[in-house]
Amino acid sequence: MSFWTDPILVANEWFTGLLADLLPEAWATLISTIVGVVLVSSFGLILVIFLIWLERKVAARFQDRIGPNRAGPYGLLQTIADIVKLLTKEDSIPEKADKLTFNLAPIVSMIAVLLIWAVIPFAPGWIGTDLNVGVLYIAAVGSFGILSILMAGWASNNKYALLGAFRAVAQLISYEVPMLLTLLVPVLLARSMGMMHMVEVQSTWFIVLAPVAGFIFLVSSIAEVGRTPFDLIEAESEIVAGYHTEYTGMKFGLFFAAEFLHAFTVGVLFAILYLGGWRGPGAVEYPILGVVYLMAKASIGYFIVMWVRSTLPRIRIDHMLDLNWKVLTPISLALLIATAVLDKVFAETALRAPALLAGNVVVLLLSWALLRGMSRKARRERQVFKKRPEARAVQP
Amino acid sequence: MIPLSWYLVLAALLFCIGLYGVLARKNAVAILMGVELMLNAVNINLVAFWRYFTPDLIAAHAFVVIVFAIAAAEVAVGLALIISIYRRRKTVAADEINLMKW
Amino acid sequence: MTAMQGVFLFTAGLILWAAFMMVTRQNLVHAAFYLILALFGVSIIFVLLDAGFLAVVQVLVYIGAISIIMIFAVMLTRGDVIEEAPVNKNFGWALLLAALFAFGLIILIGQWPAVASLAGEIDTSRDLAAELGVALVSPEGFVIPFEVASVLLLAALVGALMVARPQKKGK
Numbered sequence: 001m002s003f004w005t006d007p008i009l010v011a012n013e014w015f016t017g018l019l020a021d022l023l024p025e026a027w028a029t030l031i032s033t034i035v036g037v038v039l040v041s042s043f044g045l046i047l048v049i050f051l052i053w054l055e056r057k058v059a060a061r062f063q064d065r066i067g068p069n070r071a072g073p074y075g076l077l078q079t080i081a082d083i084v085k086l087l088t089k090e091d092s093i094p095e096k097a098d099k100l101t102f103n104l105a106p107i108v109s110m111i112a113v114l115l116i117w118a119v120i121p122f123a124p125g126w127i128g129t130d131l132n133v134g135v136l137y138i139a140a141v142g143s144f145g146i147l148s149i150l151m152a153g154w155a156s157n158n159k160y161a162l163l164g165a166f167r168a169v170a171q172l173i174s175y176e177v178p179m180l181l182t183l184l185v186p187v188l189l190a191r192s193m194g195m196m197h198m199v200e201v202q203s204t205w206f207i208v209l210a211p212v213a214g215f216i217f218l219v220s221s222i223a224e225v226g227r228t229p230f231d232l233i234e235a236e237s238e239i240v241a242g243y244h245t246e247y248t249g250m251k252f253g254l255f256f257a258a259e260f261l262h263a264f265t266v267g268v269l270f271a272i273l274y275l276g277g278w279r280g281p282g283a284v285e286y287p288i289l290g291v292v293y294l295m296a297k298a299s300i301g302y303f304i305v306m307w308v309r310s311t312l313p314r315i316r317i318d319h320m321l322d323l324n325w326k327v328l329t330p331i332s333l334a335l336l337i338a339t340a341v342l343d344k345v346f347a348e349t350a351l352r353a354p355a356l357l358a359g360n361v362v363v364l365l366l367s368w369a370l371l372r373g374m375s376r377k378a379r380r381e382r383q384v385f386k387k388r389p390e391a392r393a394v395q396p
Numbered sequence: 001m002i003p004l005s006w007y008l009v010l011a012a013l014l015f016c017i018g019l020y021g022v023l024a025r026k027n028a029v030a031i032l033m034g035v036e037l038m039l040n041a042v043n044i045n046l047v048a049f050w051r052y053f054t055p056d057l058i059a060a061h062a063f064v065v066i067v068f069a070i071a072a073a074e075v076a077v078g079l080a081l082i083i084s085i086y087r088r089r090k091t092v093a094a095d096e097i098n099l100m101k102w
Numbered sequence: 001m002t003a004m005q006g007v008f009l010f011t012a013g014l015i016l017w018a019a020f021m022m023v024t025r026q027n028l029v030h031a032a033f034y035l036i037l038a039l040f041g042v043s044i045i046f047v048l049l050d051a052g053f054l055a056v057v058q059v060l061v062y063i064g065a066i067s068i069i070m071i072f073a074v075m076l077t078r079g080d081v082i083e084e085a086p087v088n089k090n091f092g093w094a095l096l097l098a099a100l101f102a103f104g105l106i107i108l109i110g111q112w113p114a115v116a117s118l119a120g121e122i123d124t125s126r127d128l129a130a131e132l133g134v135a136l137v138s139p140e141g142f143v144i145p146f147e148v149a150s151v152l153l154l155a156a157l158v159g160a161l162m163v164a165r166p167q168k169k170g171k
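Residue numbers (our numbering), protein chains in the order written: chain A, 1 to 396; chain B, 1 to 102; chain C, 1 to 171.
Quick caveat, the hints were computed from the structure, so don't treat them as lab data.
Treat the hints with caution; some may be incorrect.
Under the rule of at most 25 angstroms between Cα atoms (straight-line distance), these lysine-lysine pairs were calculated in the BS3-like manner [as the list claims (entries may be wrong)]:
| hint | chain 1 | residue 1 | chain 2 | residue 2 |
| --- | --- | --- | --- | --- |
| 1 | B | Lys90 | C | Lys89 |
| 2 | A | Lys159 | B | Lys90 |
| 3 | A | Lys159 | A | Lys96 |
| 4 | A | Lys377 | A | Lys326 |
| 5 | B | Lys101 | C | Lys89 |
| 6 | B | Lys90 | B | Lys101 |
Keep in mind the model is a prediction, meaning the values are calculated, not measured.
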């Protein structure tokens, strides 16, 4: 295998060979593992620099502006300049803040996102660690993100920060339910929770078999990241900046970078679970192509996230909870049951894919009809109130 | 290699710290935290016995998963009770919640 | 001392320290953070015992749900975040009982000859999560405890909602 088809494998063999001459085997494995961890996490951290530039450019186009264009060609060095600015800013800690928790929170928030990258399959054979419970692991490390927000909000000793943290808990824990349920749909289809296996069995992309589940996964993931239209946790017109009100300099920068990386990670996860991951022509022979395919597919999800962010206004907090508990959670439960039954009944037959697709469409139509009926009823009740003001006094 | 006794001693000590927390703390939420510690000590024991004596069976895993479910249910109901009591009495100190005592 | 023993001793020390700090802190939010540290340590212990699935579920259930809700409850009952005295008047008896319990348990453990046994080989290629899944729903396995647990969870959900719901005026 030559260097250009699989550079990581060749480099890894060369590096462990080099170490094996100098050190005992256990130490060589340990050191090459640590180097791998550093490589994967610095890939994520360097990616962020590019992502921030990309997002600013795309958001600018949506708003009919040009975006950053001063530092470097096409403003590519703008983020570097911003990092220098953030690093040289005064690092202020509120007087009555809980210092240790206050300083730990941005680090935890970055770690929570970087940990996800440990189970991302970049290409055949390129994976940090192929856990057999990879999908569950993603859900588990996601909880550190919630923890970091709570830590930041509480330690700042600031009312707005605490309010932001309360909202964050309400939103993130709620939207974890549909996200987990729609994570389970690909698990059912792949019959495994391992991320590598998930990609290997997607000869037809799961977005074809479960389009509605993919859509709900994307929506609830956007809510998990806390982006517009779900950015109630840092709604600047209501609670200043939410949980990171008191943060300055690079500590704020870490929260910021973690959010951007998380948004892109959502795109990557969407690509792996629903768009076939690294699959594509020639990806098995030339793993380097797999990385290109994965990044291209991830950009689709990331672009949708940016598109939604630039288009929709922030939703109200009761609408946010209603959307989750009355719409997304029931639909994803119904989808999970439908997928499980149909996948079992039509297993190994040619009808599997059409049946699953039809199941999704039926669930979507049924829930749409139900929602329409409900909103009509609500509208009728509102009209009754308008006609007879005394009726409002009776009703709670 | 680690002998079984290390795990058992760890679980025993963790259980006793939890027990102290349950018996001595004033705040009802802190008492619930102590209960969580005790449940975790039990889980360590279950998994350690599984690993050392019956690694071919799966019973211990099923037990631990059910303990997780019980812990979640207990916390949900316990915290709901505590919040309800706090609304009425403006206290969560366990020794002040004594209306039913005679 | 092998590397495994070193990892175990470090983790055990971390768990016990965090647990001790948890039961002695006055500030309840700090206590909850120490609880999270202790629970995370327990999940490392699960990994050492080759139960990776349980370790992940431990993080998901305990840190992701239970601890967060604990912190939430502490903040909602905020009047008492910092108590004047963290312990009640019986704390001496509690300390004595806990110490006696620990002492007795350790003596019991020491008297049992099987505790010196070492772990046998385990087939790491086994998919324990799949085996557990089959065991939980097969009639020869644990289907009845599993169903009872699910009913319990549902009852807890409904019960918690009913208990914590604000009272309606005029009732």
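25 angstroms limit on alpha-carbon distance, applied to hinted pair lysine 159 of chain A and lysine 96 of chain A: With a Cα-Cα distance of about 13 angstroms, the restraint between lysine 159 of chain A and lysine 96 of chain A holds, given a limit of 25 angstroms.
Pair hint lysine 101 of chain B and lysine 89 of chain C, alpha-carbon separation not exceeding 25 angstroms: holds, 17 angstroms
Pairwise hint evaluation, lysine 89 of chain C against lysine 90 of chain B, where the allowed Cα distance is 25 angstroms at most: holds, 21 angstroms
Agreement of lysine 159 of chain A and lysine 90 of chain B with the hint, judged by alpha carbon distance not exceeding 25 angstroms: holds, 21 angstroms
Pair hint lysine 377 of chain A and lysine 326 of chain A, alpha-carbon separation not exceeding 25 angstroms: holds, 15 angstroms
25 angstroms Cα cutoff - pair lysine 90 of chain B, lysine 101 of chain B: Distance of about 18 angstroms is within 25 angstroms: holds.
Comparing the model with each earlier hint shows no violations; every hint is respected.
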